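> Given the structure of chain Y, go ahead and fit chain P onto it with the hints provided.
Residue numbers (the numbering used here), protein chains in the order written: chain Y, 1 to 450; chain P, 1 to 446.
Simulated from the structure, these hints should not be mistaken for lab results.
Keep in mind it's a predicted model, so treat the numbers as computed, not measured.
Hints should not be assumed to be uniformly reliable.
As the list claims (entries may be wrong) - Beta-carbon label-pair distances, calculated as ranges: (1) E66(Y) / Q7(P): 37 to 45 Å; (2) G92(Y) / K294(P): 29 to 37 Å; (3) S424(Y) / L316(P): 24 to 32 Å; (4) G92(Y) / Q36(P): 27 to 35 Å.
Beta carbons are placed, not taken as given, at the ideal position from N, Cα and C, and that holds for glycine.
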Amino acid sequence: MSTDGQSIPAAEAAAASAPALRRAVVVGGNRIPFARAGGSYAKSSNQDMLTAALDGLIARFGLQDERLGEVAAGAVLKHSRDFNLTREAVLGSALSPETPAYDLQQACATGLETVVGLANKIRLGQIESAIAGGVDSASDAPIVVSEGLREVILDLNRAKTLPQRLQILARLRPKDLAPLAPGTSEPRTGLSMGEHQALTTAQWKISREAQDEVALNSHRNLAAAYESGFFDDLVTPYRGVTRDGNLRADTSMEKLAALKPVFGKSLGAEATMTAGNSTPLTDGASTVLLASDEWADARDLPKLAAVVDAEAAAVDFVHGKDGLLMAPVFAVPRLLARHNLTLADIDFFEIHEAFAATVLSTLAAWEDEEFGRTRLGLDGAYGKIDRARLNVNGSSLAAGHPFAATGGRIVASLAKQLHEKGSSDGRPARGLVSVCAAGGQGVVAILESL
Amino acid sequence: MTDKYAQLVNQGIGRNVARKLGLPRPAVLRRYRPGQALVTGPVVVQGDSAAADKLAAELLTWDLDVRRHAVPREKLGAIILVLDEVAHPEDLERPVLAAAGSLRDLDAGARVITVSRPAAEAGTPAAAAARQGVDGFLRSLAKELRAGATGNGVLLAEGVEVSSPSALAAVRFFLSGRSAFVDGQFLTVSGNGGSLPDDTGRPLAGKIAAVTGAARGIGADIARTLHRDGATVILVDLPAAGDHLAAVANEVKGTALQLDISREDAGRKIMEHAVQRHGRLDVMVHNAGITRDKLLVNMDQARWHPVININIAAQLRINEALLASEHFGPAPRIVSVASTSGIAGNRGQTNYAASKGGVMGMVRATAPLIARAGGSINAVAPGFIETEMTARIPFALREIARRANSLQQGGRPGDVAEAIAFLASDAAGGINGEVLRVCGQNMVGA
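Chain Y extracted, bound-state conformation (with noise of 0.2 Å):
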């Protein structure tokens, strides 16, 4: 076995003493359509959108003054004001306002994070029902003032006296005065979320065209679970739009081709990722509801799937050790492994599209025999996936990706899927989601039909 800390440790160590817990399911889901960030819901809070996505669920479910066990969700663009965004949100919809609520905040992992701590709290016996979400608008994101003039203004609340006052705003600078709108950069590198994807890309050698054609399956599947009525009671139509706003139908490999590169082009290697092949900045809201049985049944709620299980990974891209969104990589061997699963067990993968060239780094790095032996501690490369069962309804790509609704989209999406594969297979079937996530980390889960 490697000594690199991120191997896959032995199965039996962590099942040996695990308590026996009852189950999690996934009842349904809602969100409103995703909309590209300065467009329909430019007017939009992420209080408006949150509740927006609670009320559908809601309505769809006929939770109106339920008394749920616990309602998290959260954002990632959050203004300071939200600093209880989501107990807001439930107070403005329809539940019962005895329902209690936490915000959560992991990045883009935030919206399976709620799913994974809620579920956890059913299976625990804590709560007997619960609503994850996640919500993010890139359209009315918190504008934040400067350092100096913030420490200025802290400093100006202390002083006493009239010429300590003077003194403190003498300190200000006219480069104090510019406002500092949110960006997607690592504060630790510097660099934007889509430089560090071009840097993986680039050491895995992901082609331009193989990365357009993930975004062009992207578009076509979503297109073709819209057509066949696949979302008809999983989205809620909001502000009068009724589905993803970044969708294209009719997008082809030409035209993706056409498209100029964004990213990586100062690396010398040939840039190949672009507006096509990376995911817009999103507004949108998503939620899921999760129950034990017990509750679900009592009601006579339908039961999808079961949140079995899941597991958080973290790498060393400070140092570049990793690519900044390649914890996935690390993190479904040791879920997988802990309940002696293969690639091969999977029925369907939701591999989070932040880039085309993610998933594909992804691949790649399960798929390379180095990579297994050294850093999974394999004997070879961990496994090859069947690309035919992968985001097959569509991902980040075509439906867009405000940060913290992304995980509650792929949950609910996957957890109807599995149900419909699993009733017409008449054997459970079983779906991986693998969100990553800014800060180098990422959270991945499995779910089982019912």
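This is chain P only, laid out in the frame that chain Y set:
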């Protein structure tokens, strides 16, 4: 959607001016609110038949102030003319003239109701003449009534007693504010089936009802009314209308089912949803409908096909699925929204009128099929109703359409909903295959 003219002539200076100029002054209709008294004053039951006695006795148990003879200059809530035994047109004279003397004493929002037998079932030409005479008499009287008073008739088929649940329920419906915009109409009670509710304020208590087109307009008010009357409502509308649908669903504490009813499997989807959540479905309200108006000379498939498909073909498919299910009912109810356009025709609406005529044909032909399952199917044909859809009609046309009925105003979505809620109730089980117009006695059509 508000009728500004009606508001103007019913308050302050506007009222005086309109009165002096002799302008039409549409009355503020007496509409039902929970807890409201059934009628505004004493009820006079005219007629010498056994049925008249029976009905008068029954009304006493409703805590009504029942009179067999009117006292002059006493404000009346209603006059009920029981004419079930008329055998010759001359038999009408005495009860009709007796009622005539009381007409001036009718309160605002009062009711005149005839109870008679259908002419088609009469044994002799003279009896048929007398029975058909009631029809012409009532429809004319309805046009003479003022101040929001209405006139309607209950027709008792052979073998149906006036004390049968649906006959009593029809009388109650016509007396109450629930029938505010129903005027000059006859409703046939064809069977002794049905059962009266324990609580007349919640006649749909415990019922599971699905309503299509529930996101807005008449459909949203149907959902609200069914909920008010005690039903649990499944609200169905297009996925694209889901935000409005969710808002109404949360208001009435029902469930939203986003579904295109023109899909082949729509009936199965509705049934699946109902069975999953509630174990069964009791009431199906077919309200969803579209218009694609164009003169026939300019009609194309894009305007014809969807109107037929959504307004009638979808109803046929859904009914087939429901009637094949063991989970529809017991005592299933189907209520469809037809239209006066389907009765009288409307220029530019050949497609719409064909679809709505189709609804009425379907309702009549489905009646014996659903009766075998212990159920009933009926239609409600709205006239001019104040909705987002009719608000788009050009002003002058809209004003004409609004005033061209005995009540001189458009109805409200809630008026249609009240008729539907009535026909969906257990008490209406003896009413099957009927089309009830909610049109304020519109001048077009019958």
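> Hint by hint, note whether the structure agrees.
Comparing the hints with the structure gives:
A hinted range of 37 to 45 Å holds for the C-beta pair E66(Y) and Q7(P), which are about 41 Å apart. The given range of 29 to 37 Å is broken by G92(Y) and K294(P), whose C-beta atoms sit roughly 44 Å from each other. Taken as a hint, the range 24 to 32 Å holds for the pair S424(Y) and L316(P), whose Cβ atoms sit roughly 29 Å apart. A hinted range of 27 to 35 Å holds for the C-beta pair G92(Y) and Q36(P), which are about 34 Å apart.
This entry does not satisfy hint 2, going by the numbered hints stated previously; all others are met.
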